[in-house]
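Going down the list, the sequences are from chains Z and E. For what it's worth, the numbering used here labels the leading residue of the first sequence as 526, then goes sequentially. For what it's worth, the numbering used here labels the leading residue of the second sequence as 526, then goes sequentially.
Rather than coming from a laboratory, the hints here were simulated on the basis of the structure. It is possible that part of the hints are untrue.
Identical copies go unnamed one by one, so any copy, or any two together, can satisfy a pair.
To be verified - 30 Å max Cα-Cα, derived DSSO-like pairs, lysine-lysine: (1) Lys758 <-> Lys658; (2) Lys752 <-> Lys647; (3) Lys647 <-> Lys658; (4) Lys642 <-> Lys658; (5) Lys557 <-> Lys579; (6) Lys689 <-> Lys745; (7) Lys579 <-> Lys745; (8) Lys689 <-> Lys758; (9) Lys658 <-> Lys579; (10) Lys531 <-> Lys579; (11) Lys647 <-> Lys745; (12) Lys531 <-> Lys557; (13) Lys557 <-> Lys752; (14) Lys752 <-> Lys689; (15) Lys752 <-> Lys579; (16) Lys557 <-> Lys689; (17) Lys531 <-> Lys689.
2 protein chains.
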Amino acid sequence: MHETNKIYQHGTLATLIEGLYEGTLSVGELLKHGDYGIGTVGDLDGEMIAMDGKAFQITSEGQVNQLTDDVLVPFATVHFHQPDVSIQFENVAGSILEEQLLELYPYQNLFFGIVIKGTFSKMSTRSVAKQSKPYPTLTAVTAEQSEFSAEHIDGTIVGYFTPKLFQGIGAAGFHLHFLSDEMDMGGHILDYHLENGMVSLQPFSSLEQHFPIENDAFLKSNVNVAKLHDEIKLAEN
Amino acid sequence: MHETNKIYQHGTLATLIEGLYEGTLSVGELLKHGDYGIGTVGDLDGEMIAMDGKAFQITSEGQVNQLTDDVLVPFATVHFHQPDVSIQFENVAGSILEEQLLELYPYQNLFFGIVIKGTFSKMSTRSVAKQSKPYPTLTAVTAEQSEFSAEHIDGTIVGYFTPKLFQGIGAAGFHLHFLSDEMDMGGHILDYHLENGMVSLQPFSSLEQHFPIENDAFLKSNVNVAKLHDEIKLAEN
Chain Z
526 MHETNKIYQH
536 GTLATLIEGL
546 YEGTLSVGEL
556 LKHGDYGIGT
566 VGDLDGEMIA
576 MDGKAFQITS
586 EGQVNQLTDD
596 VLVPFATVHF
606 HQPDVSIQFE
616 NVAGSILEEQ
626 LLELYPYQNL
636 FFGIVIKGTF
646 SKMSTRSVAK
656 QSKPYPTLTA
666 VTAEQSEFSA
676 EHIDGTIVGY
686 FTPKLFQGIG
696 AAGFHLHFLS
706 DEMDMGGHIL
716 DYHLENGMVS
726 LQPFSSLEQH
736 FPIENDAFLK
746 SNVNVAKLHD
756 EIKLAEN
Chain E
526 MHETNKIYQH
536 GTLATLIEGL
546 YEGTLSVGEL
556 LKHGDYGIGT
566 VGDLDGEMIA
576 MDGKAFQITS
586 EGQVNQLTDD
596 VLVPFATVHF
606 HQPDVSIQFE
616 NVAGSILEEQ
626 LLELYPYQNL
636 FFGIVIKGTF
646 SKMSTRSVAK
656 QSKPYPTLTA
666 VTAEQSEFSA
676 EHIDGTIVGY
686 FTPKLFQGIG
696 AAGFHLHFLS
706 DEMDMGGHIL
716 DYHLENGMVS
726 LQPFSSLEQH
736 FPIENDAFLK
746 SNVNVAKLHD
756 EIKLAEN
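Given only the sequences and the hints, what does the whole structure look like? Please build it.
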C-alpha cells in the first residue's frame with residue numbers, strides 16, 4: 526500500500542535558485558515515492574512531468590523524452606495519485622480556476638496535488654536549456670527560456686499547491702507542468718485556459734522533504750533568504 | 526527498524542506564533558515517530574522534552590511531569606536517537622559550543638539532532654503558562670514566561686538545528702530543551718555553560734513535516750510571513 530496522504534520532495538527550490546543543478550537523486554528512486562509529479566532534470570536539462578509511474582522530460586527544444594531510471598534529478602516533487610475530489614470544469618482561465626479551488630476547499634495551509642485532464646483552448650509553457658558548470662543562477666537561465674504555445678490541445682496538467690509559509694522550499698501557490706496526449710508539447714506552465722476537463726485535488730497531511738545529504742555543493746551552499754522571494758518570482762512566472 | 530535519518534515534526538512554529546495552541550496530536554502517536562525530541566503541550570501548558578521514549582512536561586511552576594499517551598500536543602519534533610558523532614566537551618559556553626559544532630561539521634543546510642549529557646556549570650531555562658481561549662499570541666505569552674536557573678547541575682539537553690531556509694517551519698538555528706537528572710529542573714534553554722559532557726549529533730536526510738489537517742483553526746489560519754521572523758526572535762530567545 527502506497528501512502529497517498531504524503532507529498533515527497535527531493536531538493537528545494539532555494540538551492541535551484543542558487544544554481545545547484547547537479548542531479549542528486551535517480552528517477553528510479555524518485556518514482557518509488559510517487560507515480561505523479563513534477564521537477565527538473567540534472568544540469569537543468571528541461572522540465573520534468575511524471576504520470577502513471579513514468580517520468581518525461583520536455584527539453585528546451587520542445588522535445589519530449591521518457592526518462593530512464595538512471596537519470597539524476599536535482600529537484601522534484603512526487604506523490605501517489607489518489608484524489609480526494611474530482612470536479613468537471615468548463616471554459617475557465619487558469620488563474621480564475623485556481624482562485625475558485627482555494628475558495629471551494631479549505632486547503633490554503635496545506636500542500637495539495639492537482640491533476641487536470643482535458644482539452645485546453647490555450648496552453649502556454651516554457652522549458653529551460655541544459656547548463657554546464659560553473660552554473661549560472663536560475664533567474665539568468667529563465668531569462669533565456671524557450672516558450673511554447675498551443676490552442677485546442679488535449680493533455681494533462683500535473684502540479685502542486687504550496688502554502689506560503691513554504692516559499693523557498695517550493696514555489697508558494699500553484700506550480701504546474703503540462704504534457705499533451707500526443708506527447709508533442711509540454712513544459713512548465715506560464716498560462717492556460719481550460720476548455721473542458723476534470724480537475725482532481727489531493728490534499729496531503731505530510732511533506733517528506735529529502736535533502737541531497739551527500740552533495741558537497743549543497744552542504745556548502747549559502748542561501749540568501751532575504752532575496753529569495755524576489756528571485757523565485759522572476760524565475761517561476 | 527526505526528528510521529534514524531529522519532526528523533518528524535507535527536505542526537509548525539509559525540502556527541504556534543499565531544496563537545494556535547490547541548493540541549492536535551497525541552503523545553502516544555508522536556512517540557511512534559521518535560524516542561527523543563522537544564515541543565510544547567496543548568494550551569501551551571509548559572515545555573516538552575522526550576528521551577528514551579518518554580515525554581516530560583516542564584510547567585511554568587517548574588514542575589516536571591511524565592506525559593501520558595493521551596495528552597495532545599500542538600507542536601513537537603522527534604527523532605529516533607542514534608547519533609553519527611559523539612564528542613567530549615569541557616568548560617565551554619553554549620553559544621561557543623554551537624559555533625564550534627557548525628565549524629566542525631558540514632551540517633548548516635541540514636536538520637540535525639543534538640543531545641548533550643553532562644554537568645552544566647550554568648543552566649538557564651524558561652517555561653510558558655497554560656493558556657485558555659481566545660489564545661494570546663506567543664510573543665504575549667513569552668513576555669510573561671517563568672525563568673529558572675541552576676548551577677553545577679547534571680542533566681540532558683535535547684534539541685535540533687534548523688537550517689535558515691526553514692525559519693518559520695521551525696526556529697532557525699539551535700533550539701534546545703533541558704531536563705535535569707533529578708527531574709527537578711528544565712525547560713526551553715535560554716543560556717547554558719557546559720562544565721563537561723558528551724555532545725552527540727545526528728544529521729537527517731529527511732524532514733517529515735506533519736500538519737494538523739483535521740484542525741479547523743489551522744486550516745483557516747493566515748500566517749503573516751512578513752512579520753514572522755521578528756516574532757520568532759521575540760518568542761524564542
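Hint by hint, here is what the structure shows:
1. Proximity of Lys758 to Lys658 under the C-alpha cut-off of 30 Å is restricted to the intra-copy arrangement: shortest distance 24 Å within a copy versus 38 Å between copies.
2. In this assembly of identical chains, the alpha carbons of Lys752 and Lys647 never lie at most 30 Å apart, being 33 Å within a copy and 39 Å across copies at closest.
3. In this assembly of identical chains, the alpha carbons of Lys647 and Lys658 never lie at most 30 Å apart, being 36 Å within a copy and 50 Å across copies at closest.
4. Neither within a single protomer nor between protomers do Lys642 and Lys658 lie at most 30 Å apart by alpha-carbon distance, with minima of 38 Å and 45 Å respectively.
5. For the identical chains of this complex, Lys557 and Lys579 are intra-copy neighbours only, at 11 Å inside a copy versus 33 Å across copies, given an alpha-carbon limit of 30 Å.
6. In this assembly of identical chains, Lys689 and Lys745 lie within 30 Å of each other by CA distance both inside one copy and across copies; the values are 26 Å within and 13 Å between.
7. In the homo-oligomer, the alpha carbons of Lys579 and Lys745 never lie at most 30 Å apart, since the shortest distance is 33 Å inside one protomer and 36 Å across protomers.
8. For the homomeric pair Lys689 and Lys758, the shortest alpha-carbon distances inside one copy (13 Å) and between copies (20 Å) are both at most 30 Å.
9. In this assembly of identical chains, Lys658 and Lys579 lie within 30 Å of each other by CA distance solely inside one copy; the values are 28 Å within and 49 Å between copies.
10. Proximity of Lys531 and Lys579 under a CA criterion of 30 Å is satisfied in both settings, with 19 Å inside one chain copy and 27 Å between copies.
11. For a Cα distance limit of 30 Å, the shortest separation of Lys647 from Lys745 qualifies neither inside one copy, at 42 Å, nor across copies, at 33 Å.
12. In this assembly of identical chains, Lys531 and Lys557 lie within 30 Å of each other by CA distance both inside one copy and across copies; the values are 13 Å within and 17 Å between.
13. In this assembly of identical chains, Lys557 and Lys752 lie within 30 Å of each other by CA distance neither inside one copy nor across copies; the values are 34 Å within and 38 Å between.
14. Proximity of Lys752 and Lys689 under a CA criterion of 30 Å is satisfied in both settings, with 16 Å inside one chain copy and 13 Å between copies.
15. In this assembly of identical chains, Lys752 and Lys579 lie within 30 Å of each other by CA distance neither inside one copy nor across copies; the values are 35 Å within and 42 Å between.
16. Taking CA atoms no more than 30 Å apart as the test, Lys557 paired with Lys689 passes in both settings, with 27 Å inside one copy and 29 Å between copies.
17. Within a single copy, Lys531 and Lys689 get their C-alpha atoms as close as 18 Å, and across copies as close as 24 Å, so both meet the 30 Å cut-off.
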